[in-house]
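Asks: Same order as they appear, the protein sequences are chains A and B.
For the first sequence, position 51 (counting from the first letter as 1) is numbered 96 according to the working numbering, and the numbering increases by one without interruption.
For the second sequence, position 38 (counting from the first letter as 1) is numbered 83 according to the working numbering, and the numbering increases by one without interruption.
Hints should not be assumed to be uniformly reliable.
Label pairs and their calculated CB-CB ranges [claimed, not checked]:
{"id": "1", "chain 1": "B", "residue 1": "P106", "chain 2": "A", "residue 2": "Y86", "range": "47 to 57 Å"}
{"id": "2", "chain 1": "A", "residue 1": "H154", "chain 2": "B", "residue 2": "N148", "range": "29 to 39 Å"}
{"id": "3", "chain 1": "B", "residue 1": "N148", "chain 2": "A", "residue 2": "G78", "range": "31 to 41 Å"}
Simulated crosslink set (SDA-like; lysine to any residue; CA at most 25 Å straight-line) [what the hints assert, rightly or not]:
{"id": "4", "chain 1": "A", "residue 1": "K180", "chain 2": "B", "residue 2": "F186"}
{"id": "5", "chain 1": "A", "residue 1": "K96", "chain 2": "A", "residue 2": "K142"}
{"id": "6", "chain 1": "A", "residue 1": "K160", "chain 2": "B", "residue 2": "R133"}
{"id": "7", "chain 1": "B", "residue 1": "K143", "chain 2": "A", "residue 2": "P83"}
{"id": "8", "chain 1": "B", "residue 1": "K97", "chain 2": "A", "residue 2": "S140"}
{"id": "9", "chain 1": "A", "residue 1": "K142", "chain 2": "A", "residue 2": "K118"}
{"id": "10", "chain 1": "A", "residue 1": "K143", "chain 2": "B", "residue 2": "K97"}
{"id": "11", "chain 1": "A", "residue 1": "K118", "chain 2": "A", "residue 2": "S184"}
{"id": "12", "chain 1": "B", "residue 1": "K142", "chain 2": "A", "residue 2": "K143"}
{"id": "13", "chain 1": "A", "residue 1": "K143", "chain 2": "B", "residue 2": "K143"}
{"id": "14", "chain 1": "A", "residue 1": "K143", "chain 2": "B", "residue 2": "E68"}
{"id": "15", "chain 1": "A", "residue 1": "K120", "chain 2": "B", "residue 2": "I126"}
{"id": "16", "chain 1": "A", "residue 1": "K160", "chain 2": "B", "residue 2": "Y157"}
{"id": "17", "chain 1": "A", "residue 1": "K117", "chain 2": "B", "residue 2": "Y157"}
{"id": "18", "chain 1": "A", "residue 1": "K143", "chain 2": "B", "residue 2": "P149"}
{"id": "19", "chain 1": "A", "residue 1": "K117", "chain 2": "B", "residue 2": "I126"}
{"id": "20", "chain 1": "A", "residue 1": "K142", "chain 2": "B", "residue 2": "E174"}
{"id": "21", "chain 1": "A", "residue 1": "K142", "chain 2": "B", "residue 2": "K143"}
A short list of chain A residues far from chain B (calculated; beta carbon distances all over 12 Å) [claimed, not checked]:
{"id": "22", "residue": "D75"}
{"id": "23", "residue": "K107"}
{"id": "24", "residue": "R133"}
{"id": "25", "residue": "N148"}
{"id": "26", "residue": "H153"}
{"id": "27", "residue": "K160"}
{"id": "28", "residue": "K166"}
If you are wondering where the hints come from, they were derived from the structure by calculation, not from laboratory data.
Please read these numbers as outputs of a predicted model, since none were measured by experiment.
All C-beta atoms, glycine included, are put in the ideal place defined by N, C-alpha and C.
There are 2 protein chains.
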Amino acid sequence: MFSNSTKYAIKAVLYLAVNSSEEKKVVVNDMAGLINVPKAYIAKILQELSKKNLISSTRGPKGGFYLSEDNKKAKVYDIVIAMDEEQRMNSCLLSLKKCNIDNPCSLHHLAYNEKEAIIRKLNNTSLEELVEHIKTGKSVFPI
Amino acid sequence: MFSNSTKYAIKAVLYLAVNSSEEKKVVVNDMAGLINVPKAYIAKILQELSKKNLISSTRGPKGGFYLSEDNKKAKVYDIVIAMDEEQRMNSCLLSLKKCNIDNPCSLHHLAYNEKEAIIRKLNNTSLEELVEHIKTGKSVFPI
DNA sequence: TCTTAAATATGATTATTATCATATTTTATT
DNA sequence: AATAAAATATGATAATAATCATATTTAAGA
Ligand code: FES
Ligand code: FES
């Protein structure tokens, strides 16, 4: 469903959501191993997310990445879109074009509602909420 | 959701399901344009499907590809699996591993049921049925 | 102000997927 | 038997995604 980059991005952001704050920044070197993503790769992704203001960072000693309170309010789908997955999410199951409800392809009825439901949930769920789920044991942090 | 190869495979098989029979074979040269897939590419995919007995073929003049009555009974999911998408379908949304219901990752609750529903429908719907949908105008042939 | 620890910018390499090309085999027709 | 029209087998190339590497900039602390 998602590209590796997107999976990694979500894992990284989640990690920060659980483990960081403005007072407790996380350094890329520490993070990579903890979320099981190659260091140089996750570094690049973090830079991308930072440029798009989905995560916060400061340079220099004592610097690192973290999520501001504002960052934590972002929805999961914001991350997905930031990683350029919108087209993949919206494309027709059979063509390379956008799904077209008025001209439903042969698989449309087998998947459209479900796919929409997933997108809706991704778009309604904030990082904060996911952290809450992890803390209450409803879900587990993905390694 | 699917790779290009899988999309193309499904389109090709559907095309054959609608337009071919043992008495009415279809030649790769004709088909490519009609389903909007590069000729050499779809040729390769058809060979793969043929080797896996999901479509039928005969060589030589008057030869071509077609679906036997048996072929038409296959489920959409059979095509998907033949194109090696099983791992993609079953993998966890966040890791590269299989989805694990007992250790649900943070996105599991946002997508698992829907993903399962899609797989179930793909696995319950035969090519014949899709042809029926097309004939009754419930869906449209994908170009 | 020097050093050092961090992110940032940029680009190179590798692996995978998508696409193209062509020689070989089979079989119907003449 | 010879020809031609088809699939089959095999491999080459191109595009994209994944991964790696490194020089530059920033800012804290000595
Ligand atoms: S038209 Fe193909 S999935 Fe909607
Ligand atoms: S465990 Fe991640 S999707 Fe099920």
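Asks: Given the hint of 29 to 39 Å, is the C-beta distance from H154 (chain A) to N148 (chain B) inside that range or not?
Replies: holds, 33 Å
Asks: Against chain B, does K160 (chain A) hold up as non-interface, every C-beta pair farther apart than 12 Å?
Replies: K160 (chain A) is in fact no farther than 12 Å from some Cβ atom of chain B, at 7 Å.
Asks: Do the alpha carbons of K118 (chain A) and S184 (chain A) lie within 25 Å of each other, as the hint requires?
Replies: holds, 19 Å
Asks: For the pair supplied as a hint, K143 (chain A) and K143 (chain B), is the alpha-carbon distance within the 25 Å limit?
Replies: violated, 28 Å
Asks: Keeping to a limit of 25 Å between CA atoms, is the pair of K160 (chain A) and Y157 (chain B) held or broken?
Replies: holds, 11 Å
Asks: Just to be careful, I want the Cα atoms of K142 (chain A) and K118 (chain A) compared with a cutoff of 25 Å; is the pair within it?
Replies: violated, 32 Å
Asks: Are the Cα positions of K97 (chain B) and S140 (chain A) separated by 25 Å at most?
Replies: Holds - the C-alpha atoms of S140 (chain A) and K97 (chain B) are around 24 Å apart, at most 25 Å.
Asks: Test the statement that K107 (chain A) is away from the interface with chain B: the closest C-beta pair must be farther apart than 12 Å.
Replies: holds, 29 Å
Asks: Was R133 (chain A) rightly flagged as not at the interface, with every chain B Cβ beyond 12 Å?
Replies: With a cut-off of 12 Å, R133 (chain A) comes too close to chain B, as the shortest Cβ separation is near 8 Å.
Asks: So if I understand the rule, the pair passes when the alpha-carbon distance is 25 Å or less; does K120 (chain A) with I126 (chain B) pass?
Replies: violated, 33 Å
Asks: Falls inside 47 to 57 Å, the C-beta gap from P106 (chain B) to Y86 (chain A)?
Replies: Holds - the Cβ-Cβ distance for P106 (chain B) and Y86 (chain A), about 54 Å, lies within 47 to 57 Å.
Asks: So is D75 (chain A) really clear of chain B, every C-beta pair being over 12 Å apart?
Replies: Answer for D75 (chain A): holds, closest chain B Cβ roughly 20 Å.
When held up to the earlier numbered hints, the structure conflicts with 3, 4, 5, 9, 10, 12, 13, 14, 15, 18, 19, 21, 24, 25, 26, 27 and 28 and fits the remainder.
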